[in-house]
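Using the sequences and the hints given, assemble the complete structure.
These protein sequence lines are chains D and L, in that order.
When you line the first sequence up against UniProt numbering, it's residues 1 to 413, in that order.
When you line the second sequence up against UniProt numbering, it's residues 1 to 315, in that order.
Heads up, some of the hints might be wrong.
The calculated lysine to aspartate or glutamate pairs, modelled on EDC-like cross-linking and capped at a C-alpha distance of 20 Å, are [claimed, not checked]:
(1) D:256 / L:60
(2) D:256 / L:74
(3) L:135 / D:245
(4) D:256 / L:130
Here are a few chain D residues that sit away from chain L, every Cβ distance over 10 Å (derived from the structure) [as the list claims (entries may be wrong)]:
(5) 93
(6) 220
(7) 234
(8) 249
(9) 250
(10) 251
(11) 253
(12) 256
(13) 257
(14) 272
(15) 291
(16) 365
(17) 384
(18) 412
None of these hints come from the bench; they were simulated from the model.
Using N, Cα and C, we set each Cβ at its ideal position, and we do this for glycine too.
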Amino acid sequence: MSMWHIAKKDLQILFRDIPGLIYLFLTPILVIAVASFALGGVFGSSPTKKFEIPVVVEDSGQAAKDMVEALKKVEALDLKFMYEENGKEQQMTRDKADELVRDKKAAIIIPKGFSEAVTGGKEATIQIIQNPTDQVIPGVIKNVVSEYISKLSTAIVANQVGTQAVQSFASTVGQQHNLKLDPTPEISKIQEYIKQYTAKPPIKYETKNLESKGSAPTTFDYNVPGYAVMFVLLGATSAASVLLEERENGTLRKLKTLPISSHSILLGKMLSSFITASIQCLVLFAVGYLGFGMNLGGSILGLLLMIVSTAFAATGLSMLLAAFCKTRSQASGVSILLVLAMSALGGSWWPLYIEPVWMQKIAHITLTAWSTGGFSDLLVYGKGLVDILLPAGVLLGMGLLFLTIAIRRFRFE
Amino acid sequence: MSTRDILISTYGLTKKFDSFTAVNGVDLDIYEGEVLGLLGPNGAGKTTLISMLTTILPPDGGSATVCGYDLTKESSKVKQMVSLVPQDLALYLTLTAEENLSFFANLYGLKGREKRSRIKEVLKIAQLEDWANRKVGAYSGGMKRRLNLAVGLLNRPKVLFLDEPTVGVDPQSRNHIFDSIQYLVEEFQMTVIYTTHYMEEAQELCDRVAIYDKGKILDLEETDTLLQKYGEKQLVLDFKSIPDWLVQHISSLPYVDSHHVIDNKLTIHSSNLLGVTENVLSWIRTNQIPVESFNVHESDLESVFLKLTGKKLRD
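Structure representation (structure tokens):
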């Protein structure tokens, strides 16, 4: 019975702890929901997300048509055989596909002579042009194409091997006239044929990277900015708890009696949070660069601007939390909820473009989307200072808005 | 007392929190160099009153001047003149005493040699020179309270507000705080406003005491005057156990003005102590009630408070 009383008391305390309940239930529900919606088009059977893929068909034979039909059956692909120019529909060309790959991440080319090579038992090749800045979409395309190729190749190999084996057998029988047959040499021949064909399948795909400035991005180039933004946000939002702790233990009240303005107190708090967030971000990028060979992009100035604007926006958010939360534990629960939800939605954990379009739009109300977008433009897409002025400006604007509201709303008592 | 300069004057000072009035039209004059006690129970509004006088909270009504400066219009000048030693320990526990003092000294605008000498001075008053470079988290409760006081002295305030400075303090540190206050008043002619709900402290330390309850000053006099005006001598009877019927009988005897029971002690207030003592002892003897002890006490601020508010300080 005592055991029950202890358990009951603990549960009573737990269910009165609103921030604790938020962390326990609402945070995982929200993060799981956001992740499921975001990745529904990649991993699930949901038809919500289709990748638009330019397809250049230079061959008009049957095998090329079969290949196209097979590709059309893949739900995740929205094949684009045409493009619009000057108001007119045009057949997709290699040049146009090259151009589109910058946005669409991959393109498929079925070259001239493909069908002839397939039917003639010669090696036929499908080309996949991939944007090296992305791994997800080209990966999906390669899987789809190789699966089809594998089926086609198996059929061709079986056809070739069988035909040649039978021809060889008939020839042998004709020469020896009813003599007792030893199949060992024929089996050896069949095995040799199979070896020959499987070593060099009749259809293969080759990938070609889109030409880009500098070296191809590494996984660190993708992951460091996203996770850096998430941890900077986690660090900065903990500053809200520190500020509320000062309110709870009375030091803020003491500061109010000193000959300094309330704004100075809050701006001082903000400044320490901003410096911490900036240094944290710099350290993460420095470790990525020095320790893991991460690419820092072509514009160090642009990178610094993104770091500063991200730290500023994160600081603004932390002050906003401090202004609206009544207690430390409340701030802590709400900040974890916010940061994880924003990270899932805003592209810290996966590229934003794999999310459904409606989610991508919503994502841009979060500072994470602007920050990871800006960093990706610099580090992954090789863009320059001018290209990140918009995300940096939005982040600085968000920070300013959050701070203004926080300064007006914050209570020292 | 009235010949001295008035440092703080309030007129109808009021503070409301929604429908709750925490400070209700307080009129108050505080003189230079005096120690004024603000005696009232927890929740009486003492902290709210001094929060207004130290510019933490803006008043909702009335006006006040502190050292000649208007409380609301010249709050930055008021801040230079006053200092608050808050009830909470306004210290950073992961910093050393010296680092804490240096931080607050910076905010007071102290620099260089003046800052160093001021820090040294307040460390000496708090008797924490040997502990200056230790993290405050390692201090005892009493040492933290002393450092809290030291922070409040950095700007050499003309008016020092001490908000329940002895809560949770050992007797040694309490005595040290009392000695420090007396030193500050004598050495620097500092004016001290001391809030407490311990009547012994107010009685021992304060020149004048304001009896404060429900946001109002019920009376403000020199301690002796208050005791003469409202104090009653008390007969205290100590029983092994004290059933309700016994209290009812004794309280209905002639000359018993009021009474209260704490633990097994019955305290009887009367303006005729001789008469009430005769009556009570006679009744006890007749009814053969066992009494552990009985004493006659001098009047104190507890009884003054009881008389003025009808309740005890620790209610």
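Structure-based check of all given hints:
For the hint pairing residue 256 of chain D with residue 60 of chain L, the CA-to-CA distance comes to about 18 Å; that is within 20 Å, so the pair holds. Taken as a hint, the residue 256 of chain D and residue 74 of chain L pair is honoured in the structure, with Cα atoms around 15 Å apart against an allowance of 20 Å. For the hint pairing residue 135 of chain L with residue 245 of chain D, the CA-to-CA distance comes to about 19 Å; that is within 20 Å, so the pair holds. Between residue 256 of chain D and residue 130 of chain L, the direct Cα distance comes to roughly 30 Å. Violation of the 20 Å bound is thereby established for this hinted pair.
Annotated as non-interface, residue 93 of chain D keeps its C-beta farther than 10 Å from every C-beta of chain L; the closest such distance is 67 Å. Listed as outside the interface, residue 220 of chain D is consistent with that label: its C-beta sits roughly 35 Å from the nearest C-beta of chain L, beyond the 10 Å cut-off. Under the 10 Å C-beta cut-off, the non-interface status given to residue 234 of chain D relative to chain L holds; the minimum distance is some 21 Å. A beta-carbon of chain L is positioned within 10 Å of the beta-carbon of residue 249 of chain D; the least distance is around 6 Å.
Under the 10 Å C-beta cut-off, the non-interface status given to residue 250 of chain D relative to chain L is violated; the minimum distance is some 3 Å. Residue-level check failed: residue 251 of chain D sits 5 Å from the nearest beta carbon of chain L, not beyond 10 Å. With a cut of 10 Å on Cβ distances, residue 253 of chain D falls inside the contact zone with chain L, its closest approach being about 6 Å. The claim that residue 256 of chain D lies off the interface is violated: its Cβ sits roughly 5 Å from the closest Cβ of chain L, which falls inside the 10 Å cut-off.
The claim that residue 257 of chain D lies off the interface is violated: its Cβ sits roughly 5 Å from the closest Cβ of chain L, which falls inside the 10 Å cut-off. Taking the minimum C-beta to C-beta distance to chain L, about 12 Å, the non-interface status of residue 272 of chain D holds against the 10 Å cut. Under the 10 Å C-beta cut-off, the non-interface status given to residue 291 of chain D relative to chain L holds; the minimum distance is some 30 Å. Residue-level check passed: residue 365 of chain D sits 34 Å from the nearest beta carbon of chain L, beyond 10 Å.
In this structure residue 384 of chain D is separated from chain L by more than 10 Å, as the shortest Cβ-Cβ distance comes to about 42 Å. At roughly 7 Å, the least C-beta separation between residue 412 of chain D and chain L is not larger than 10 Å, which violates its mark as non-interface.
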